[in-house]
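Read off the chains here:
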Amino acid sequence: MVKKLFKHEIYAYLRTIIPMHLILLGVGLLGRIVQFFENDSTTYDIIFWSSVVVFCVGAVVCLLLTLIFGIRRFYQNLFTGEGYLTFTLPVTETQHIWVKNTVAVLSQIASVLMIIVASCVITFGEVCVEAFKAGGYLLKIAHEECGFHFFLYIVEFIIILYLALSVSFMLYYACIAIGQRAKKNRVAAAIGVYFIYYFITQVLGTIAIIIFDNIDYEVIQKVVEWIEKNPFEFIHIAAGIAFVLLSVFGTICYAITKHSVSKKLNLE
Amino acid sequence: MSEILRCENLTKKYPNVTALNSINLSLESGKIIGLLGPNGSGKTTLIKLINGLLTPTEGRVLINGKAPGVETKCEVAYLPDNSYLNSWMTVKQIVDYFVDFYADFREDVAYTMLNRLGITPTTRLKTLSKGNKEKVCLILVMSRNAKLYVLDEPIAGVDPAARDYVISTIINNYNPEATVLISTHLISDIEQILDEAIFIQNGDILLHKTIDEIREEKGKSVDELFREVFRW
Numbered sequence: 001m002v003k004k005l006f007k008h009e010i011y012a013y014l015r016t017i018i019p020m021h022l023i024l025l026g027v028g029l030l031g032r033i034v035q036f037f038e039n040d041s042t043t044y045d046i047i048f049w050s051s052v053v054v055f056c057v058g059a060v061v062c063l064l065l066t067l068i069f070g071i072r073r074f075y076q077n078l079f080t081g082e083g084y085l086t087f088t089l090p091v092t093e094t095q096h097i098w099v100k101n102t103v104a105v106l107s108q109i110a111s112v113l114m115i116i117v118a119s120c121v122i123t124f125g126e127v128c129v130e131a132f133k134a135g136g137y138l139l140k141i142a143h144e145e146c147g148f149h150f151f152l153y154i155v156e157f158i159i160i161l162y163l164a165l166s167v168s169f170m171l172y173y174a175c176i177a178i179g180q181r182a183k184k185n186r187v188a189a190a191i192g193v194y195f196i197y198y199f200i201t202q203v204l205g206t207i208a209i210i211i212f213d214n215i216d217y218e219v220i221q222k223v224v225e226w227i228e229k230n231p232f233e234f235i236h237i238a239a240g241i242a243f244v245l246l247s248v249f250g251t252i253c254y255a256i257t258k259h260s261v262s263k264k265l266n267l268e
Numbered sequence: 001m002s003e004i005l006r007c008e009n010l011t012k013k014y015p016n017v018t019a020l021n022s023i024n025l026s027l028e029s030g031k032i033i034g035l036l037g038p039n040g041s042g043k044t045t046l047i048k049l050i051n052g053l054l055t056p057t058e059g060r061v062l063i064n065g066k067a068p069g070v071e072t073k074c075e076v077a078y079l080p081d082n083s084y085l086n087s088w089m090t091v092k093q094i095v096d097y098f099v100d101f102y103a104d105f106r107e108d109v110a111y112t113m114l115n116r117l118g119i120t121p122t123t124r125l126k127t128l129s130k131g132n133k134e135k136v137c138l139i140l141v142m143s144r145n146a147k148l149y150v151l152d153e154p155i156a157g158v159d160p161a162a163r164d165y166v167i168s169t170i171i172n173n174y175n176p177e178a179t180v181l182i183s184t185h186l187i188s189d190i191e192q193i194l195d196e197a198i199f200i201q202n203g204d205i206l207l208h209k210t211i212d213e214i215r216e217e218k219g220k221s222v223d224e225l226f227r228e229v230f231r232w
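Line order of the protein sequences matches chains A and B. Each residue of the first sequence is one higher than the one before, starting from 1 at the first, in this note's numbering. Each residue of the second sequence is one higher than the one before, starting from 1 at the first, in this note's numbering.
In short, the hints are calculated from the structure, not lab data. All figures in this text were calculated on a predicted structure; none of them were measured in a lab. Hints may contain errors.
When the alpha-carbon atoms are kept at most 27 Å apart in a straight line, the in silico DSSO-like pairs for lysine-lysine are as follows [what the hints assert, rightly or not]:
{"hint": "1", "chain 1": "B", "residue 1": "LYS133", "chain 2": "A", "residue 2": "LYS184"}
{"hint": "2", "chain 1": "B", "residue 1": "LYS66", "chain 2": "A", "residue 2": "LYS264"}
{"hint": "3", "chain 1": "B", "residue 1": "LYS13", "chain 2": "A", "residue 2": "LYS258"}
{"hint": "4", "chain 1": "A", "residue 1": "LYS4", "chain 2": "A", "residue 2": "LYS258"}
{"hint": "5", "chain 1": "A", "residue 1": "LYS263", "chain 2": "B", "residue 2": "LYS13"}
{"hint": "6", "chain 1": "B", "residue 1": "LYS92", "chain 2": "A", "residue 2": "LYS7"}
{"hint": "7", "chain 1": "B", "residue 1": "LYS130", "chain 2": "A", "residue 2": "LYS184"}
{"hint": "8", "chain 1": "A", "residue 1": "LYS264", "chain 2": "B", "residue 2": "LYS13"}
{"hint": "9", "chain 1": "A", "residue 1": "LYS7", "chain 2": "B", "residue 2": "LYS126"}
{"hint": "10", "chain 1": "A", "residue 1": "LYS4", "chain 2": "B", "residue 2": "LYS66"}
{"hint": "11", "chain 1": "A", "residue 1": "LYS258", "chain 2": "B", "residue 2": "LYS66"}
{"hint": "12", "chain 1": "B", "residue 1": "LYS130", "chain 2": "A", "residue 2": "LYS3"}
{"hint": "13", "chain 1": "B", "residue 1": "LYS133", "chain 2": "A", "residue 2": "LYS7"}
Quick list of the computed label-pair ranges, beta carbon to beta carbon [to be verified]:
{"hint": "14", "chain 1": "B", "residue 1": "SER22", "chain 2": "A", "residue 2": "ALA182", "range": "27 to 35 Å"}
{"hint": "15", "chain 1": "A", "residue 1": "LEU30", "chain 2": "B", "residue 2": "TYR14", "range": "34 to 42 Å"}
{"hint": "16", "chain 1": "A", "residue 1": "PHE234", "chain 2": "B", "residue 2": "ALA67", "range": "45 to 53 Å"}
{"hint": "17", "chain 1": "B", "residue 1": "TYR14", "chain 2": "A", "residue 2": "ILE207", "range": "32 to 40 Å"}
{"hint": "18", "chain 1": "A", "residue 1": "GLN76", "chain 2": "B", "residue 2": "ASN24", "range": "36 to 44 Å"}
{"hint": "19", "chain 1": "B", "residue 1": "ASP204", "chain 2": "A", "residue 2": "ALA182", "range": "25 to 33 Å"}
{"hint": "20", "chain 1": "A", "residue 1": "ILE215", "chain 2": "B", "residue 2": "GLY69", "range": "50 to 58 Å"}
{"hint": "21", "chain 1": "B", "residue 1": "GLY118", "chain 2": "A", "residue 2": "GLN76", "range": "25 to 33 Å"}
{"hint": "22", "chain 1": "A", "residue 1": "VAL244", "chain 2": "B", "residue 2": "LEU186", "range": "56 to 64 Å"}
{"hint": "23", "chain 1": "A", "residue 1": "TYR197", "chain 2": "B", "residue 2": "ALA67", "range": "57 to 65 Å"}
{"hint": "24", "chain 1": "B", "residue 1": "ASN16", "chain 2": "A", "residue 2": "ILE207", "range": "33 to 41 Å"}
Cβ atoms here follow ideal geometry from the backbone N, Cα and C, with glycine treated the same way.
Bound-form chain A, shown alone (with noise of 0.2 Å):
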């Protein structure tokens, strides 16, 4: 059942995201065309200085679209009418969550490649080479520095950028699944919900600055020589400290989230 609903769940999001996707390679591959053209003109500059600025916004607005599908897609198969049928499939709602949280991170990794592949579209030539090679150079830099390390960096950098994106989809997830429980508004209420966590973690993060700006001094030089003497397991460090809260926080976001479409189911 987990492989269908990954089936139609792929094939809802392909629908929405491919033409967009296209579109947007379609303008990085009129921003090339256009520097075929170049002069020293000022119709030039403003048609090329134009076509990037199209091609920028386009980037911006292609991932932002992506992320709102994610989170529409969430909230009207589950909590609309859509949500007679989806939870009366033979399919648990724990199946339900995380296939739609799977295919929402990797959509987004979907248009970050696309703007990847449409950025190398539009600057194809010297750039584009120059970009690369700058790019191995500070790879080969990298690995000579770091050795061994440098692979775990990349794995650990890996895994922590899709629970990044995994955890934040299951946060707007648990915003709408509380939002959902209001009698009216259920959108207005999500969002209010998602404020409120906000303003909860700026709070919190003020009240960490100030108990970290109250640290013995010397406690935090202890700190700073220990990692000037261990930079690389520093990283590694800061690296488990990331994946244990994200995984801690996005656990939260799930129990509530599975909560409230498993007892607390509101729908329209």
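With chain A's structure known, arrange chain B on it following the hints.
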């Protein structure tokens, strides 16, 4: 006859109201049963509990001996009282969706009924009229070879000709060994197809008898008795 549905002291309370008040109910297989009551009597709450869309405050509901879950969802075909279709889909896509998820879905039966209505597989659901959307929903539900069909207000808000279509679709397509539970307050339209009637009011079961028992004991049709019991 085996028992397909059992409710034991089933209670559902909302913050300001008790929708179901410790009801006990047992339904056997192979019957068409009317769940009859005025608006707000608890019909939809009971149906949502059967389908696992709500959790009971107290008591329990068992379908074929099992609490609502993945297994029971394979056995229960549910028609909600509002449209559940993904409007961007075509008719073929929604049929494929049902084929994928329900092992008991009869694709040929669905297409035969859709053809009879003149609805082609390539038709987008959002282009269908409200009446045709409701018919497509009913066709999808009745194309399943389920053990329990739960139909929430299938004839509410449709014209008399469409009511005849709905009723004929139900009686011509349901699995004869299954039970059909039809919630409605339009008794006269469905009385002729019912085997049993359940009267529900303010979350209490007032009556659960066969149609013959009602006619013999009360000397009235179900519609007449309903009007008498639920008179304002």
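(request) May I ask which of the numbered hints given earlier this structure violates, with the numbers listed in increasing order? (result) 12, 15 and 23
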